[in-house]
Amino acid sequence: MIGYIIRRVLYAVPILIGVCLFTFVLFYLTTSPQDLARRNLSAKNPTPQQIKDWEHTHGYDQPKWKQFVRTTEGLFLFRFGKSDGVGGQRIITRIKQSWLPSFEIASLSFIASLLVNLTAALVIAYFRGTYFDSAATTLCVIMMSITYLLYIIVGQYTLGRLMRITPVGGYLPGWQSLHFIMLPVVVAVVAGFASDTRLYRTFILDEINQDYVRTARAKGISESRVLFIHVLKNAAVPVITNTVSAIPGLFLGSVLLENFFNIPGLGNYLVDAINNQDFAVVRANVFIGALVTIIGFIMTDVGYALADPRVRLE
Amino acid sequence: MNVSHPSRHLIFSGRYALILAALALLTGCNNSPYSVSQQNKKVLYLTLAQDVNTLDPSIAYDVDSESLTELIYSSYFRYDHLKQNPFQLDLSLGAQMPVVKPVTYLSTQPNGTKKEVNGQLWTFRVRPGLHFQNDPCFPGGRGREILGSDFLFTFRRMADPAIPCPIVSYFDQKIEGMAAYEAYNRKRIAHHQKTDYSYPIAGLQLVPGHPHMFRILLNQPYPQLRYLMAMTLTAPLPSEAIQKYGAKIATHPVGCGQFILKTYVPRGRYVLVKNPNRPYLTYPSTGMPGDRKAGLLQDAGRQLPLVDEVQFNIIPEGTTVWNEFLQGYLDITGVSQNNFQQAMPRPDVISPDLKARGVKLRKVVSLDINYYIFNMDDPVVGGYSQRARLLRQAVSMAVNSKEEIDLETLGLGMQAQWLTPPGIFGFNPNYVNPYRQFNLQKAKALLAEAGYPKGIDPSTGKPLVIYYDNSAVNAQGRQALAITQREIDSLGINLVSRSWRNAEFQDRINGGRFQFTSWGWVADYPDSENFAFLLYSRNKRPGPNVSNYSNPLYDAVFRKMRSLNDTPQRAALIQQLTDISAPDCPLIYTSHSEAYGLVQPWLLNYKPNPIALDGPDYLNINMQMRTHLRKSWNQPQIWPIVLIFGGIFLSALPAIGVVRKRSRRHLRRDHTGAAQ
Numbered sequence: 001m002i003g004y005i006i007r008r009v010l011y012a013v014p015i016l017i018g019v020c021l022f023t024f025v026l027f028y029l030t031t032s033p034q035d036l037a038r039r040n041l042s043a044k045n046p047t048p049q050q051i052k053d054w055e056h057t058h059g060y061d062q063p064k065w066k067q068f069v070r071t072t073e074g075l076f077l078f079r080f081g082k083s084d085g086v087g088g089q090r091i092i093t094r095i096k097q098s099w100l101p102s103f104e105i106a107s108l109s110f111i112a113s114l115l116v117n118l119t120a121a122l123v124i125a126y127f128r129g130t131y132f133d134s135a136a137t138t139l140c141v142i143m144m145s146i147t148y149l150l151y152i153i154v155g156q157y158t159l160g161r162l163m164r165i166t167p168v169g170g171y172l173p174g175w176q177s178l179h180f181i182m183l184p185v186v187v188a189v190v191a192g193f194a195s196d197t198r199l200y201r202t203f204i205l206d207e208i209n210q211d212y213v214r215t216a217r218a219k220g221i222s223e224s225r226v227l228f229i230h231v232l233k234n235a236a237v238p239v240i241t242n243t244v245s246a247i248p249g250l251f252l253g254s255v256l257l258e259n260f261f262n263i264p265g266l267g268n269y270l271v272d273a274i275n276n277q278d279f280a281v282v283r284a285n286v287f288i289g290a291l292v293t294i295i296g297f298i299m300t301d302v303g304y305a306l307a308d309p310r311v312r313l314e
Numbered sequence: 001m002n003v004s005h006p007s008r009h010l011i012f013s014g015r016y017a018l019i020l021a022a023l024a025l026l027t028g029c030n031n032s033p034y035s036v037s038q039q040n041k042k043v044l045y046l047t048l049a050q051d052v053n054t055l056d057p058s059i060a061y062d063v064d065s066e067s068l069t070e071l072i073y074s075s076y077f078r079y080d081h082l083k084q085n086p087f088q089l090d091l092s093l094g095a096q097m098p099v100v101k102p103v104t105y106l107s108t109q110p111n112g113t114k115k116e117v118n119g120q121l122w123t124f125r126v127r128p129g130l131h132f133q134n135d136p137c138f139p140g141g142r143g144r145e146i147l148g149s150d151f152l153f154t155f156r157r158m159a160d161p162a163i164p165c166p167i168v169s170y171f172d173q174k175i176e177g178m179a180a181y182e183a184y185n186r187k188r189i190a191h192h193q194k195t196d197y198s199y200p201i202a203g204l205q206l207v208p209g210h211p212h213m214f215r216i217l218l219n220q221p222y223p224q225l226r227y228l229m230a231m232t233l234t235a236p237l238p239s240e241a242i243q244k245y246g247a248k249i250a251t252h253p254v255g256c257g258q259f260i261l262k263t264y265v266p267r268g269r270y271v272l273v274k275n276p277n278r279p280y281l282t283y284p285s286t287g288m289p290g291d292r293k294a295g296l297l298q299d300a301g302r303q304l305p306l307v308d309e310v311q312f313n314i315i316p317e318g319t320t321v322w323n324e325f326l327q328g329y330l331d332i333t334g335v336s337q338n339n340f341q342q343a344m345p346r347p348d349v350i351s352p353d354l355k356a357r358g359v360k361l362r363k364v365v366s367l368d369i370n371y372y373i374f375n376m377d378d379p380v381v382g383g384y385s386q387r388a389r390l391l392r393q394a395v396s397m398a399v400n401s402k403e404e405i406d407l408e409t410l411g412l413g414m415q416a417q418w419l420t421p422p423g424i425f426g427f428n429p430n431y432v433n434p435y436r437q438f439n440l441q442k443a444k445a446l447l448a449e450a451g452y453p454k455g456i457d458p459s460t461g462k463p464l465v466i467y468y469d470n471s472a473v474n475a476q477g478r479q480a481l482a483i484t485q486r487e488i489d490s491l492g493i494n495l496v497s498r499s500w501r502n503a504e505f506q507d508r509i510n511g512g513r514f515q516f517t518s519w520g521w522v523a524d525y526p527d528s529e530n531f532a533f534l535l536y537s538r539n540k541r542p543g544p545n546v547s548n549y550s551n552p553l554y555d556a557v558f559r560k561m562r563s564l565n566d567t568p569q570r571a572a573l574i575q576q577l578t579d580i581s582a583p584d585c586p587l588i589y590t591s592h593s594e595a596y597g598l599v600q601p602w603l604l605n606y607k608p609n610p611i612a613l614d615g616p617d618y619l620n621i622n623m624q625m626r627t628h629l630r631k632s633w634n635q636p637q638i639w640p641i642v643l644i645f646g647g648i649f650l651s652a653l654p655a656i657g658v659v660r661k662r663s664r665r666h667l668r669r670d671h672t673g674a675a676q
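Residue numbers (our numbering), protein chains in the order written: chain A, 1 to 314; chain B, 1 to 676.
In isolation and in its complexed conformation, chain B is listed as follows (with noise of 0.2 Å):
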């Protein structure tokens, strides 16, 4: 008689207890990156390749931190969200536009001689009653009042030399006092000193009786301030945080924005939570044509931010970005290389998977200027003779923007007529340089004209050699230089490329020991005088003008256009500017870049700003769509493991079998004694 023992039972309902534990396990796993208590709030996912390299406001220039610090620290003004063309500047933590007062007066020189100045005092007024996020460096806890002299510590915190502030330059030799406050603490960092906060600046003033006004007196006209002020390097800045955390600042921001940094997992993630301090912010009531009807003003007069939080997580391969925006885990990301072809089938068309999801497709064109630069003060290709000047005008011609463009970025980006991009005042979309035209014929005929007939140098018989300096490290740089190579040796010149590591490359451009580079120049603010200084004769090596152009013409009329307001007459300057210079050629203008953004069918609100970071403060979501795409789109599938395991039990009984076999073959030999 055939009887189980019970312990075999026990065996068989403990494996499919297993199973259906396994099974139970399986079904109750997801996908959703996040915890369970994060599925119901308003949180705003989106993404960095890698930490941020400073929360510091003083020292945060790059997109990345610029990315948070735009949300964690408020300035004197922001950009509205809406107006772009052109940018529009409102009043964040200010309580009125500034009141400018052109001024005399006697301005001590660097030799201590006193000169007769004529400048501007500008007024500033913070809303009353502001107050910093809440931050153990204030006593009790509770974030101070913001008054006038935040922001004129923050002044003096940029011009101090141990803090690497990127733009002290643009202000430093224009606020009265400033510069002498540097050298002098630049003595004392050198005498290992720490900095002098209470040296005087006669630029930076107190209002007696009014905390909340501040005034900086300039010792020459700029109108550009107005944009200083708007960045978050301006921002005001608490003391007693500075006092307390020093360089730490740059992982513990106290700030005055619309959102607070409450946690931060290095190569993790950083959340931002709705600051309870921050200043009162309505999302904009006007935009510009057609933004109502792109739905843009739904939430007009609403109290920003709109979302609960903003969670930036680090992910820096793009395939995983990809995933997760596919399974709608992230709410924007961008088109790269590693997705282009799946994002869309061709340029400015979203592909009809996207389409069906509900994804929306965004382009944007950067405030910048990729070009190539001529040294002038070079023998061969630089300098004012005509045959110079032929020669570079033959040379721009030969560049080909538009195939530079499609090889190398995708065929993103516009071809560049001057410095000015679109969006600027003062750019003028019907301008077309007539050196920047691709005209291989016309170019040979102007580099004959040079007295270089087919490349070659009558000096020495043989084709004309120019040096290409640049860092081209990467397989990315290596394929642009080739193109480079062959657009210009097209003409029978020899372009002959020598590729430096970064700070040798640096150390050459700044010192003027190269004929023929590649640079490129993003806007610090929305105004031509950002592009077009990069011609002023005062801004030379090691300053932003690499090619040392010096045209006296060009100078006296930048400086007329610096000064003046957005008007008709400063928009024929620029316009002069460009007629100018490009005769000369002392850069080729090749484009100005251009980025796709996917935004998810729930995100709203989004419209990309080339020149403000602070999107997210606009941004809203409808969580209903959000929660119901989400469910829909990461339904858990267990039929695959099911087919895996069943193949594999499937594929292993023939082994089965054999062990099966072998053992009975065992059993018998024990039993018998006998060998079978």
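One chain only, chain A, in its complex shape (with noise of 0.2 Å):
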């Protein structure tokens, strides 16, 4: 298995370069540095002699070449350089800024969602065949056709403004938080609960259908103990697949939920670059985003091993 994941290490590095240079590229499609000097200066029509100093002071004069080789080495090296917005924040400073908010809000609605949805498939899969079956699957059909952003809302306008018991917006660090996180939260899970219920049930069904569930119920085993015990077990290697792609998301944020509930984590840091045409973070943010997907994808490797003896990481 050690092999296998040095491999992958190895696998990451052109990834990654490409990342580098797809990126590289986008933005020299897009816009332009002249726009970012523009941007960034804050008089009204700024001088040609002002957007050079600009271009000069933050590399972009450079040839293309070396701004390329220049940047993704010092990604490579963690690195990450300062923003190109006024006043050059160091982009290391400010992901430390930012990064427990996010993953606070994120463990805590991926743990959440994930035993609330796996219950709620286990048990909608004990009733399979039932109207209440169907009843869950309609409700999961429509709940999946609801936009993220009407869940905003409503929670926003639900537990805020018609219950008043949290906050619609605002963050304060240490034990305060979760009386701020709690509404993103519940919006997160309530948000993912329909399609992961969907997609979990399929799997326990698949499951349920196999010979060793019937030997275990001809040996007199409860339902329940088949379902939470062995089927639920045999189940996991999907479920780890669906679940191990989600934590890169713990690390970077989630832009919708940030943004609406006024979270400063790396998703509103991310907007903000893009928004304001900040190549130096944007560049740094997919960088990281790269990296944690790549690792992410590995961990989804291990994983099956761990859950599934068949499986041989080779």
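I should point out that these hints are in silico values taken from the structure, not numbers from a laboratory. Even glycine gets a Cβ: it sits at the ideal position worked out from N, Cα and C. Fair warning: there could be bad hints in the mix.
Stated by the list, open to error - Heads up, simulated DSSO-like pairs for lysine-lysine below, C-alpha to C-alpha not over 30 Å straight-line:
| # | chain 1 | residue 1 | chain 2 | residue 2 |
| --- | --- | --- | --- | --- |
| 1 | B | Lys248 | B | Lys194 |
| 2 | A | Lys64 | B | Lys248 |
| 3 | A | Lys66 | B | Lys187 |
| 4 | A | Lys82 | B | Lys661 |
| 5 | B | Lys262 | B | Lys607 |
| 6 | B | Lys661 | A | Lys219 |
Claimed, not checked - Selected chain B positions facing chain A (Cβ under 8 Å, derived; list incomplete):
| # | residue |
| --- | --- |
| 7 | Asn31 |
| 8 | Ala162 |
| 9 | Thr251 |
| 10 | Val265 |
| 11 | Gly268 |
| 12 | Asn313 |
| 13 | Thr319 |
| 14 | Arg501 |
| 15 | Ala503 |
| 16 | Gln506 |
| 17 | Ile641 |
| 18 | Arg662 |
The two chains are supplied separately, each in an independent frame; assemble them into the complex guided by the hints.
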């Protein structure tokens, strides 16, 4: 397994270089350093000299290949540099400031969603073929058709304005953060409930018709034990695939949630950078996103091997 | 005998305890986005849509950035909070009004020769005993006294080519020796050397023996300097802070205003607290007619600021802002497209719900002008021939400003007749620009007179094509574009849109590669000169005179006007400028922007000021009212959650029955060993 992991890590290098190149090309296709300069210079109509000075200060006057090599080298060494915005804040400083709120929301949503969705899927599977199953599946389809934005607005209205038990936005550090992340976590769980529950139900139903389940029932094992012990363990592989792919989100934050609930996390950092055409920050965020995704995939593979003894990583 | 097991009691009592704990937790919950420690403090809660660009006073020039820098930094002057028509300058750090003396001296020209010029010498005096805020950049961490040299350091820094100061062009050619200083340092930077702040500038002078005084020598009369001295861009900066923090001054300001920055959470909030070293300033004792009746003079004579803290919450989403305002957690909010219908059933009328809550509606006309521009160098639409003039007049009369305001900005805006907006000396409310009255019939007649009957270009026999260069990339921009096209196409002209990326658009405009475009200008200071110079030929592209309008008569009157103080003679000259430029139609003046604000009932002294952003210095809060209303508006309601969980429980009852039935079936099979 160690050899496999090392090989996957080595494969990651060209992938990351490719991601950097793609981002670089995309940047020059959609905007230009002059655009960045104009956006970041506070004058109403900056002079050509001011634009030139800005480009020089931020290294955009160098040949493009040099810019690419310099910035990519920095990313691989985790030297993310400074923002292109006014003031030029160090990107790593901002990442250190912003990762925790994102992580808090994402990890709590992740755990709560996993528990709620798996339990719900098992319960629905327990009543398979009944009216309850049909009703629950229909409800899931309806819930899947509703846009995420509506969950946020309804969540803010219901818990914040109608029941008045959570703030509609904001964030304070420490224990006080629980007060603020409750609503985004509830929204995330409710919004993700339908699709995941339906998916897990399918995984579980695939297992329920297997011979070993029939054998367990024939031996007189209770239905709940069959479901929660035997079936759940064997349905774990596809569940792992689905859940581990969500891990990068734990670090990168949720753009919509953070934006609406006013959470000072990494998701917002990326959105601001895109809106302000802060290429330095976008570049660093895309690189980190790619890196975390690759790590997530490796973890998925390792998870397979741990969950299913038939899987061998070679 | 049916004997219940003790563990069963425990399980049930545990469940009840859990339910009770959950209920207790819910009842203890509240929707306040602020910590308990803040609740009894006099904190003013405001919002920003995003983190500000910079807190560097030499660079900050957008509304959001200046909303903070104007509280953290203080300048020589500040605008009176109440007297706004006309705007009045009050002393802030200044001890006296500057003494302006006309002088004739030999000025050094860029080629090294000397030329006699008639300039002005301005002498300023800073109030003694004022200190910068406490900061580690000073010895012992205690802010040192503010001296005249600090103002001069600010001017040197603004002219530093490495600092993108937005207003440097307003004075670098006027202060004696500043252009040479800039040129010298530009060369140093090109050779990767640091800016030399010690390079002499003859126009920036200290007064020996008077550390609180400084002088500025101008090579031409420039009365507008007084307005520049009210901008935070010219606020004194301690050189110690620049040496210690460098570019980090953008997030670590060291000022001398009423507040200091205590906390900055990126994408979270800015918290400003009272500056212990703040200059002693009091709430104005006099205002405009009606201010006393409006309760705006209740705090007259009290020391500023009137609140302990100002917290700017960074909230990008309008929905969240609106919800927090309705909950009473924000003291002021704007009216946007998101909440327009809920806030105002029709323009200028607040909704009954908000009125019942005591919320007040305030409207402010911005000091700006929106307009279309003809390129006066263009062979078709430009020039000063009668044909071109008639064509521009025709297009101008086809543009329906009222319709544009109604459709594009929900009726918010005032139709413009010329450049100067209301509130600025020289604005004539009775003036009607004959070429800015929408009249399609007359416009068509003028077009025919210009030689384009029904918009047909006789040289081609087809509709006259005018290219409209713009940077309309979003939905709002495209909507505005469609309206403009419809208006001008109604003449029979074919208006062809050319949309560009911003940088390319700016390059085309600066390079004069356009026929027709749209633009806007916001006041730097409340003086007609700041608007009339949009047609002054010395300000041609890439300067603010984007049309490249050039009229010697206009220039002569402009030069005379700009050197005068606000007198009837000056007002007459401004009217003369209007009359000279109106028939030429180099610009099509459309609107002066307007904005609505909603103010909570407990907020006192609120009077929007379109030129100054230091309002929080003057605002006060009726804490008793705020606490009471917030509490009554935000009583937690548990019944919906009981209803939801009750509903879930009831709907799950049949399922629970099925589970129990199946379990019993298994049990029976287990005991008897026979299949049931």
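Going down the list of hints, with the structure as the test:
Distance hint between B/Lys248 and B/Lys194 is fulfilled; the C-alpha atoms sit about 17 Å from each other, no more than 30 Å. As the CA atoms of A/Lys64 and B/Lys248 are separated by approximately 28 Å, the hinted pair is consistent with the 30 Å bound. For the suggested pair A/Lys66 and B/Lys187, the alpha carbons sit about 25 Å apart, so the restraint of at most 30 Å is met. As the CA atoms of A/Lys82 and B/Lys661 are separated by approximately 66 Å, the hinted pair breaks the 30 Å bound.
Distance check on the hinted pair: B/Lys262 and B/Lys607 sit about 26 Å apart at the alpha-carbon level, within 30 Å; holds. For the suggested pair B/Lys661 and A/Lys219, the alpha carbons sit about 19 Å apart, so the restraint of at most 30 Å is met. Interface restraint check for B/Asn31: the shortest CB-CB distance to chain A comes to about 5 Å, inside 8 Å, so the restraint holds. Interface restraint check for B/Ala162: the shortest CB-CB distance to chain A comes to about 7 Å, inside 8 Å, so the restraint holds.
Here the hint on B/Thr251 is kept, as its CB sits about 6 Å from the closest CB of chain A, short of 8 Å. Proximity of B/Val265 to chain A holds as hinted, the smallest CB-CB distance being about 5 Å (cut-off 8 Å). Using the Cβ-Cβ criterion of 8 Å, the hint placing B/Gly268 at the interface with chain A is satisfied: the shortest such distance is roughly 4 Å. Interface hint at B/Asn313: satisfied, since its Cβ lies 7 Å from the closest Cβ of chain A, which is below the 8 Å cut-off.
For the restraint placing B/Thr319 at the interface with chain A, the shortest Cβ-Cβ distance is roughly 6 Å, inside the 8 Å limit, so the hint holds. Annotation: interface hint on B/Arg501 holds; nearest CB of chain A at approximately 6 Å, less than 8 Å. Checking B/Ala503 against chain A: minimum C-beta separation of about 4 Å stays under 8 Å; hint holds. For B/Gln506, the suggested interface contact is upheld, since its CB lies about 6 Å from the closest CB of chain A, less than 8 Å.
At a threshold of 8 Å, the smallest CB-CB gap from B/Ile641 to chain A is about 6 Å, leaving the interface hint in force. Annotation: interface hint on B/Arg662 holds; nearest CB of chain A at approximately 6 Å, less than 8 Å.
This entry does not satisfy hint 4, going by the numbered hints stated previously; all others are met.
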